[in-house]
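**Student:** Residues per chain are reported as follows:
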Amino acid sequence: MELTLDILSFVLMTTGGAFVLIGGIGALRLPNVYTRLHAASLTDTMASILIIAGIMLQAGFSLAAIKLLAILIFLLLTGPTASYAIANAALLSGLDPQCDGSTVGAADGDDESGEELRS
Amino acid sequence: MIEVVFGVFLLTLLVITAVAVVRTENLFVAVMLMSIFSLLMAANFFILDAADVALTEAAIGAGITTVIFLGALALTAQREKRSPNGRFATLGVISVLAALMIWATFDKPRLGDPDAPVHQHVAPWYLEQTPELMGIPNVVTAVLGSFRGYDTLGEVFVVFAACIGVLFVLSAGQGLDRGLFAPDPESEGLRHHLIPKVVGRLLVPFIVLFGLYVQFHGEYGPGGGFQAGAIIATGVILYALLEGEASALNALPRSVLLGMVVGGALLYTGVGVAGMLLGGNFLDYSVLMSDPVIGQQVGIVLIEAGVGITVCGSLLSIFHAFAAREAR
Numbered sequence: 001m002e003l004t005l006d007i008l009s010f011v012l013m014t015t016g017g018a019f020v021l022i023g024g025i026g027a028l029r030l031p032n033v034y035t036r037l038h039a040a041s042l043t044d045t046m047a048s049i050l051i052i053a054g055i056m057l058q059a060g061f062s063l064a065a066i067k068l069l070a071i072l073i074f075l076l077l078t079g080p081t082a083s084y085a086i087a088n089a090a091l092l093s094g095l096d097p098q099c100d101g102s103t104v105g106a107a108d109g110d111d112e113s114g115e116e117l118r119s
Numbered sequence: 001m002i003e004v005v006f007g008v009f010l011l012t013l014l015v016i017t018a019v020a021v022v023r024t025e026n027l028f029v030a031v032m033l034m035s036i037f038s039l040l041m042a043a044n045f046f047i048l049d050a051a052d053v054a055l056t057e058a059a060i061g062a063g064i065t066t067v068i069f070l071g072a073l074a075l076t077a078q079r080e081k082r083s084p085n086g087r088f089a090t091l092g093v094i095s096v097l098a099a100l101m102i103w104a105t106f107d108k109p110r111l112g113d114p115d116a117p118v119h120q121h122v123a124p125w126y127l128e129q130t131p132e133l134m135g136i137p138n139v140v141t142a143v144l145g146s147f148r149g150y151d152t153l154g155e156v157f158v159v160f161a162a163c164i165g166v167l168f169v170l171s172a173g174q175g176l177d178r179g180l181f182a183p184d185p186e187s188e189g190l191r192h193h194l195i196p197k198v199v200g201r202l203l204v205p206f207i208v209l210f211g212l213y214v215q216f217h218g219e220y221g222p223g224g225g226f227q228a229g230a231i232i233a234t235g236v237i238l239y240a241l242l243e244g245e246a247s248a249l250n251a252l253p254r255s256v257l258l259g260m261v262v263g264g265a266l267l268y269t270g271v272g273v274a275g276m277l278l279g280g281n282f283l284d285y286s287v288l289m290s291d292p293v294i295g296q297q298v299g300i301v302l303i304e305a306g307v308g309i310t311v312c313g314s315l316l317s318i319f320h321a322f323a324a325r326e327a328r
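As they're listed, the protein sequences go chains A and B.
Just so we're aligned, residue 1 is where the first sequence starts under this note's numbering, counting upward by one.
Just so we're aligned, residue 1 is where the second sequence starts under this note's numbering, counting upward by one.
Okay, chain A solo, but in the shape it has when bound:
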C-alpha cells in the first residue's frame, strides 16, 4: 500500500515536472505571444494539478493535504485568469493573433512587446 502510494505520487510528480519543462521550452521557443502563453499556461494548470496531487499522496489524510488542496484551488482560479489577462492585454495593445502558417518571419517584429508581456 505504502509502496503503491509512493510509486503513484512519484509518477504524478515526474509527469508534472515534465509538463513544467515542456511549458518552459514552449515559452522560450514558440513564435509569438499567444502561442508562448499557451505553453506557459500549461505549467499553471496541468503541472500544478499533477505536482500537488503527488505531494498530497505523500501527505496522506492530514491538515497538510487540506492546505495543499486549498493552494491547488487558488492556483487553478488565479493561473488561468492571469493567462487570460495577459492575452487580453496583448490583444488590446494591438498584437494580432497570427492565424496563417507564415509566423516565423513576422514574429521577429513582435519580439519586443512579446518580451515585455511574457516576463
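No wet-lab data here; the hints were simulated from the structure.
Here the structure is a predicted model, which means the values were calculated and not measured.
No residue lacks a Cβ here, since even glycine has one placed at the ideal position from N, Cα and C.
Don't take each hint at face value.
Computed far set for chain B versus chain A, every beta-carbon distance over 10 Å [as the list claims (entries may be wrong)]: (1) A74; (2) H193; (3) L212; (4) V262.
Simulated restraints on C-beta separations [unchecked claim]: (5) B:G135 <-> A:G60: 29 to 37 Å; (6) A:P97 <-> B:G112: 50 to 58 Å; (7) A:S62 <-> B:I47: 44 to 52 Å; (8) B:L75 <-> A:I71: 33 to 41 Å; (9) A:A85 <-> B:E128: 45 to 53 Å; (10) A:L21 <-> B:A251: 37 to 45 Å; (11) A:G94 <-> B:F6: 35 to 43 Å; (12) A:L28 <-> B:V118: 38 to 46 Å; (13) B:L194 <-> A:L21: 31 to 39 Å; (14) A:L8 <-> B:N281: 55 to 63 Å; (15) B:A116 <-> A:G94: 30 to 38 Å; (16) A:S62 <-> B:A116: 29 to 37 Å; (17) A:I22 <-> B:F6: 54 to 62 Å.
Listing some non-contacts, in silico: residues in chain B with all C-beta distances to chain A over 12 Å [stated by the list, open to error]: (18) V5; (19) D113; (20) L127; (21) I207; (22) S290.
Starting from the known structure of chain A, fit chain B onto it as the hints suggest.
**Tutor:** Just chain B, lined up with the frame of chain A:
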C-alpha cells in the same frame, strides 16, 4: 546535500536575475525581474529555515513593491536613460566594495555552524526562555515582539516615517476634497473585463482572511504584523485595481489610512507606556496582566496588531498617492 544543491541552484538564479536587472534598459522588464528576484530570495530564506522572513519577502518584495514600482513606472518613461559619464567611477566603487565583501566572507563561519558567535550569544537564552516566559511556540515572534521590542518599535517608526516622506514627496494631500476621483471611464478599474473581475472579487475576501490568519497565528506559526499588513494591503489593492480607485477610497478613505498609519504606531507605543504606568519597564508586557505569561502574550498580540495596522495603512497610502498622481 540536496539542500546545498538547491541552495546553489537558487543563488545562481539570483545572480543571473540580478545581472539581467542591471543589463536591461526596459524598466518594465526590470520591475518584473525584481519581482522574480524577490521570489527567489524568499525561496532561499525558506530553505535556510527562516519562514517568517521568507513570508515577508514574498509578500512585500514580490507582491506590493512590484505594484508600487509599476505605479511609479506609469508616471515615468518606459526606458532607462543612458548616463554617459561616471561609468568607470561606478565600476571602481563596485569592484572595491565587492572585493571587500568577498574578503569579509573569509572570516565568516561555515553555514549553520553551531559554534558560530551568533549562535553562542543570546540566541540560546532566547530559545530556552521563550516557552517559560511567554508560552508561545514561535521564538521568532517572541524575539521580535518582546525580547527585542525596541528594535521592532524602531522598525514601525521607520515605516511610519517612510510613509509620511513618500506622501510629502508626492504631495498627495492636495486633492483631498476636490473630487479628484470623479468618475472617469479610464480609471474605473477593469469594469469591462469580466473574468478577472469575477475571480478577483472572489479572491479578495480570502486574501484578507489569510492576512488576518497570518496576523493572529503569528505566535504559533510563521507570520506576524509585517506580513499580515502587506497581505491585507494586497487584497485592498486588488480591489482597487478591479473596481477602480474611487471605490477603494470609498471603502477605506485617505483619512482612515492615515489614521491607521498613526494609530498603529501609537498603539505600539501605548502598550509600552501602559507597561510603565503599571510599574514595569517600557515595553515590559509582564505587568499587563496578573499572570506574567498571559501579560506577555497580550502584549505581543497588541503590538503585532499595531505593526500590522501601520504597515497596511502605509502601503495603501503610498499606493493611493501614486495612483492619485497618475489620475492627474
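**Student:** Each of the hints needs a verdict: does it hold here or not?
**Tutor:** Comparing the hints with the structure gives:
No beta-carbon of chain A is positioned within 10 Å of the beta-carbon of B:A74; the least distance is around 14 Å. A Cβ of chain A approaches the Cβ of B:H193 within 10 Å, the least distance being about 6 Å, so the stated non-interface status is violated. With 10 Å as the threshold on Cβ separation, the claim that B:L212 sits away from chain A holds: the shortest Cβ distance comes to roughly 16 Å. Under the 10 Å C-beta cut-off, the non-interface status given to B:V262 relative to chain A holds; the minimum distance is some 34 Å.
Distance hint check for B:G135 and A:G60: the Cβ-Cβ separation is about 30 Å, which falls inside the suggested range of 29 to 37 Å. Roughly 52 Å separates the CB atoms of A:P97 and B:G112, a value that falls within the hinted 50 to 58 Å. Between A:S62 and B:I47 the CB atoms are about 22 Å apart, so this pair departs from the stated range of 44 to 52 Å. In this structure, B:L75 and A:I71 meet the distance hint of 33 to 41 Å, their C-beta atoms being roughly 35 Å apart.
At roughly 51 Å, the beta carbons of A:A85 and B:E128 sit within the given window of 45 to 53 Å. The supplied range of 37 to 45 Å is met by A:L21 and B:A251, whose beta-carbon atoms lie about 43 Å from each other. As the Cβ distance of A:G94 to B:F6 is approximately 42 Å, the hint placing it in 35 to 43 Å holds. A hinted range of 38 to 46 Å for the beta carbons of A:L28 and B:V118 is consistent with their spacing of about 42 Å.
With their beta carbons about 33 Å apart, B:L194 and A:L21 fall inside the hinted range of 31 to 39 Å. Restraint check, A:L8 to B:N281: a C-beta distance of roughly 58 Å satisfies the suggested window 55 to 63 Å. Checked against the hint of 30 to 38 Å, the C-beta distance between B:A116 and A:G94 comes to roughly 57 Å, which is inconsistent with it. The supplied range of 29 to 37 Å is met by A:S62 and B:A116, whose beta-carbon atoms lie about 35 Å from each other.
As the Cβ distance of A:I22 to B:F6 is approximately 22 Å, the hint placing it in 54 to 62 Å is violated. Consistency note on B:V5: stated as away from chain A, and its beta-carbon is indeed over 12 Å from all of that chain's, at 16 Å minimum. With 12 Å as the threshold on Cβ separation, the claim that B:D113 sits away from chain A holds: the shortest Cβ distance comes to roughly 31 Å. At roughly 25 Å from the closest C-beta of chain A, the C-beta of B:L127 stays outside 12 Å, upholding its exclusion from the interface.
Not every CB of chain A is more than 12 Å from the CB of B:I207 (nearest about 10 Å), against its label as outside the interface. Even its closest Cβ contact with chain A, about 35 Å, leaves B:S290 beyond 12 Å, as expected for a residue assigned away from the interface.
Hint violations for this structure: numbers 2, 7, 15, 17 and 21, all remaining hints satisfied.
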